[in-house]
Amino acid sequence: MGPLSEFKKYILEILTGSKSLVIGMGITFKRLFMPIVTVQYPRRKLTMTPNFRGHIEAIYFDDTKSHHCVACGLCVRTCPSHVIKVQGEKEKAGERKYGQKYYIDFTKCSLCGLCVDVCPEKTLTFSHEYELAYLSRWDGVIDIMRRLEAVTK
Amino acid sequence: MLNIKTIDDTTINERVYQLNLGPQHPSTHGVLHLLLKLDGEVVVAAEPIVGYSHRGHEKMAENRIWEQFLPNTSRIDYLSGLIYNQGYCMALEKLCGIEVPERAEYIRVITSELNRISSHLLGIMAFVMDIGAFTPFLYGFDDREHVLDLLERVTGSRLTYCYNRFGGVRNDIDQEFCDGTRRFIDRLRGRFKDYHNLITENIIFIKRTREVGIITEETALEFGVTGPSLRGSGVNYDVRKNEPYSVYPEFDFEIPVRKEGDVMARYQVRMAEMEQSMNIIEQALDNLPQGPVRSHVPRFIDPPAGDIYFAFESARGAVGYYIVSDGTRIPYRIKVRTPSFSNLFVLTRILPGNFIADAIATLGSIDVVVPEIDR
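Chains A and B, in that order, are what the protein sequence lines are. 8 is the number of the first residue of the first sequence in the numbering used here; add one for each residue after it. 21 is the number of the first residue of the second sequence in the numbering used here; add one for each residue after it.
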């Protein structure tokens, strides 16, 4: 290979390199005239899809004017992270139990949805909350019954 | 005391020094630790040190019921969680003899292939960013965002989907999801031209990837490499074709194979695989049967005593669940064969003799997920 072909190769390399550069810049430039894809979050918010999985919450039923939880404890047993606590009580002996307290430690929840699937009364669902910043780790413990009261009032 | 002087000490002299690539290095994916012996810029020996993100998923399985292992499956490989989810459910369905409705199988294939596209997009773009191109990374993430939005619409979460259930899937898909998926496929096909212009035909990318980090067919088979890295070395092996599971035999798709075995070949295989995934999704959407998405399964399953090995293809290669049941509600043993582990250790063979800059490119092209190596 003579010095002339070396030189030719060198020039060719520069040319192909510049071509790549121009093509790449062209794509970037084209992008300038495309719509913006990011959402300016605190000013604009997206609506969550119906299937979005936030922390769990109780469903309000019209027939009991409350939830349908019978404190069976299946969700407590199914939870892989053991974050659910349920307490139920009976108003009279011989009556069905009624869910009185329901806490979920959301800081340890892995959002698998097994508790919602296993519920025999179908009274659990996912909320659409996604702004989950807390000042203390106890703020992550969510009182589901109080949330339901807040909704019904 | 931890003894990490496993590299043959005879290679060490005054010229050779040791470099810890990672555990916190911008070019390593996660907490990967590569111990490199360097002679100037040339790698003399390479040794991956694993275990930094070992979480004990296999042991965790032994003290929880079968259902409770479901959220773990999508956290073994967080980039293709749905595929792992599907595999675990299919393994147990095979063991228990649970029938799955056909619509559920189709939905599983659609969501898994979408997950494969998102994983490949991230894999390719992170690899391209490793070797210095930042722009394609942002474009790739723009496209990946659309996949995640689609998957969020049907599964409810964006990364650690716990969507498959024994005997089907959790939610049915709606018309809007089908239309959105078709729109996304059209969009991604259009974007491929940009990617080829930006990456595949870019002279810097070509120079950094051609004839670099060559895995020969023999080496690949010797180390048990699977997935796009194996197909980039000229071996036509894909679990979806060779040992078909689910409804994959009903679809018409090809397994992209490149003979070169270099970094470029692995990149090209991944790009071609995304196109094949889009073909599969389109066919599945066209032939989507009606019906239920979940068969009637007891609340807590009781598999019969016995063992089963179930292999499936994740975005990184062949995954296997070896499940031993002693007939109780708690697994006796779950062993997960993950592809990243075998794929990573091929570096000990192919890195020596290469420049350290090429080592980064090779590492990126193997596309390992560190939590999957350690499990």
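Take these hints with a grain of salt, some might be off.
DSSO-like, lysine-lysine: derived pairs with alpha carbons at most 30 angstroms apart [what the hints assert, rightly or not]: (1) B:K227 x B:K261; (2) A:K52 x A:K26; (3) B:K213 x B:K227; (4) A:K108 x A:K129; (5) A:K37 x B:K355; (6) A:K16 x B:K261; (7) A:K99 x A:K72; (8) A:K115 x B:K79; (9) B:K261 x B:K213; (10) B:K279 x B:K227; (11) B:K213 x A:K16; (12) A:K108 x A:K92; (13) B:K114 x B:K213; (14) A:K15 x B:K355; (15) A:K92 x B:K79; (16) A:K72 x A:K26; (17) A:K72 x A:K37; (18) A:K99 x A:K115; (19) A:K97 x A:K52; (20) B:K279 x B:K261; (21) A:K52 x A:K37; (22) B:K79 x B:K279; (23) A:K26 x B:K114; (24) B:K227 x A:K37; (25) A:K26 x A:K15; (26) A:K115 x B:K279; (27) A:K16 x A:K52; (28) A:K92 x A:K72; (29) A:K26 x A:K37; (30) B:K227 x A:K129; (31) A:K104 x A:K115; (32) B:K114 x B:K279; (33) A:K115 x A:K92; (34) B:K279 x A:K16; (35) B:K279 x A:K26; (36) A:K26 x B:K227.
None of these hints come from the bench; they were simulated from the model.
Taking the hints in turn, this is what the structure says about them:
Straight-line distance between C-alpha atoms of K227 of chain B and K261 of chain B comes to about 33 angstroms, which puts the hinted pair past the 30 angstroms bound. Between the alpha carbons of K52 of chain A and K26 of chain A the distance comes to roughly 41 angstroms, so the proposed pair goes past 30 angstroms and is violated. As the CA atoms of K213 of chain B and K227 of chain B are separated by approximately 20 angstroms, the hinted pair is consistent with the 30 angstroms bound. The suggested pairing of K108 of chain A with K129 of chain A holds, with an alpha-carbon distance near 17 angstroms, which does not exceed 30 angstroms.
Of the pairs offered as hints, the one joining K37 of chain A and K355 of chain B is violated, with about 49 angstroms between alpha carbons and a cut-off of 30 angstroms exceeded. Under the criterion of a C-alpha separation no larger than 30 angstroms, the hint pairing K16 of chain A with K261 of chain B is inconsistent with the structure, at around 45 angstroms. Restraint check for K99 of chain A and K72 of chain A: the C-alpha separation of about 19 angstroms stays at or below 30 angstroms, so the hint holds. For the suggested pair K115 of chain A and K79 of chain B, the alpha carbons sit about 19 angstroms apart, so the restraint of at most 30 angstroms is met.
With a C-alpha separation of about 28 angstroms, the suggested pairing of K261 of chain B with K213 of chain B holds against the 30 angstroms cut-off. For the hint linking K279 of chain B to K227 of chain B, the alpha-carbon distance of about 18 angstroms falls within 30 angstroms, and the restraint holds. This hinted pair checks out: K213 of chain B and K16 of chain A have alpha carbons roughly 28 angstroms apart, not beyond 30 angstroms. Distance check on the hinted pair: K108 of chain A and K92 of chain A sit about 8 angstroms apart at the alpha-carbon level, within 30 angstroms; holds.
Taken as a hint, the K114 of chain B and K213 of chain B pair is broken in the structure, with Cα atoms around 42 angstroms apart against an allowance of 30 angstroms. With a C-alpha separation of about 59 angstroms, the suggested pair K15 of chain A and K355 of chain B falls outside the 30 angstroms cut-off, and the hint is violated. Restraint check: the Cα-Cα separation between K92 of chain A and K79 of chain B comes to about 26 angstroms, which is no more than 30 angstroms; the hinted pair holds. A hinted pair counts as satisfied when its Cα atoms are at most 30 angstroms apart, and K72 of chain A with K26 of chain A does not qualify at roughly 70 angstroms.
At roughly 57 angstroms between alpha-carbon atoms, K72 of chain A and K37 of chain A are farther apart than 30 angstroms, so this suggested pair is violated. Taking the CA atoms of K99 of chain A and K115 of chain A, the gap is near 36 angstroms; set against the 30 angstroms cutoff, the hint is violated. A distance of roughly 43 angstroms separates the Cα atoms of K97 of chain A and K52 of chain A; the hinted pair therefore is violated under the 30 angstroms criterion. Under the criterion of a C-alpha separation no larger than 30 angstroms, the hint pairing K279 of chain B with K261 of chain B is consistent with the structure, at around 19 angstroms.
As the CA atoms of K52 of chain A and K37 of chain A are separated by approximately 27 angstroms, the hinted pair is consistent with the 30 angstroms bound. Of the supplied pair hints, the one linking K79 of chain B and K279 of chain B is violated, its CA atoms being roughly 40 angstroms apart against a limit of 30 angstroms. Between K26 of chain A and K114 of chain B the alpha-carbon distance is near 55 angstroms, which puts this suggested pair outside the 30 angstroms criterion. As the CA atoms of K227 of chain B and K37 of chain A are separated by approximately 26 angstroms, the hinted pair is consistent with the 30 angstroms bound.
Taking the CA atoms of K26 of chain A and K15 of chain A, the gap is about 16 angstroms. The hint holds against a cut of 30 angstroms. Between the alpha carbons of K115 of chain A and K279 of chain B the distance comes to roughly 47 angstroms, so the proposed pair goes past 30 angstroms and is violated. Restraint check for K16 of chain A and K52 of chain A: the C-alpha separation of about 55 angstroms exceeds 30 angstroms, so the hint is violated. A distance of roughly 23 angstroms separates the Cα atoms of K92 of chain A and K72 of chain A; the hinted pair therefore holds under the 30 angstroms criterion.
A threshold of 30 angstroms between alpha carbons decides the hint, and for K26 of chain A with K37 of chain A the separation of about 16 angstroms falls inside it, so the pair holds. Of the pairs offered as hints, the one joining K227 of chain B and K129 of chain A is violated, with about 60 angstroms between alpha carbons and a cut-off of 30 angstroms exceeded. The suggested pairing of K104 of chain A with K115 of chain A holds, with an alpha-carbon distance near 28 angstroms, which does not exceed 30 angstroms. Restraint check for K114 of chain B and K279 of chain B: not satisfied, since their Cα atoms lie roughly 36 angstroms apart, outside the 30 angstroms limit.
Between K115 of chain A and K92 of chain A the alpha-carbon distance is near 13 angstroms, which keeps this suggested pair within the 30 angstroms criterion. Straight-line distance between C-alpha atoms of K279 of chain B and K16 of chain A comes to about 28 angstroms, which keeps the hinted pair within the 30 angstroms bound. About 28 angstroms separates the Cα atoms of K279 of chain B and K26 of chain A, which keeps this hinted pair within 30 angstroms; it holds. At roughly 15 angstroms between alpha-carbon atoms, K26 of chain A and K227 of chain B fall within 30 angstroms of each other, so this suggested pair holds.
This entry does not satisfy hints 1, 2, 5, 6, 13, 14, 16, 17, 18, 19, 22, 23, 26, 27, 30 and 32, going by the numbered hints stated previously.
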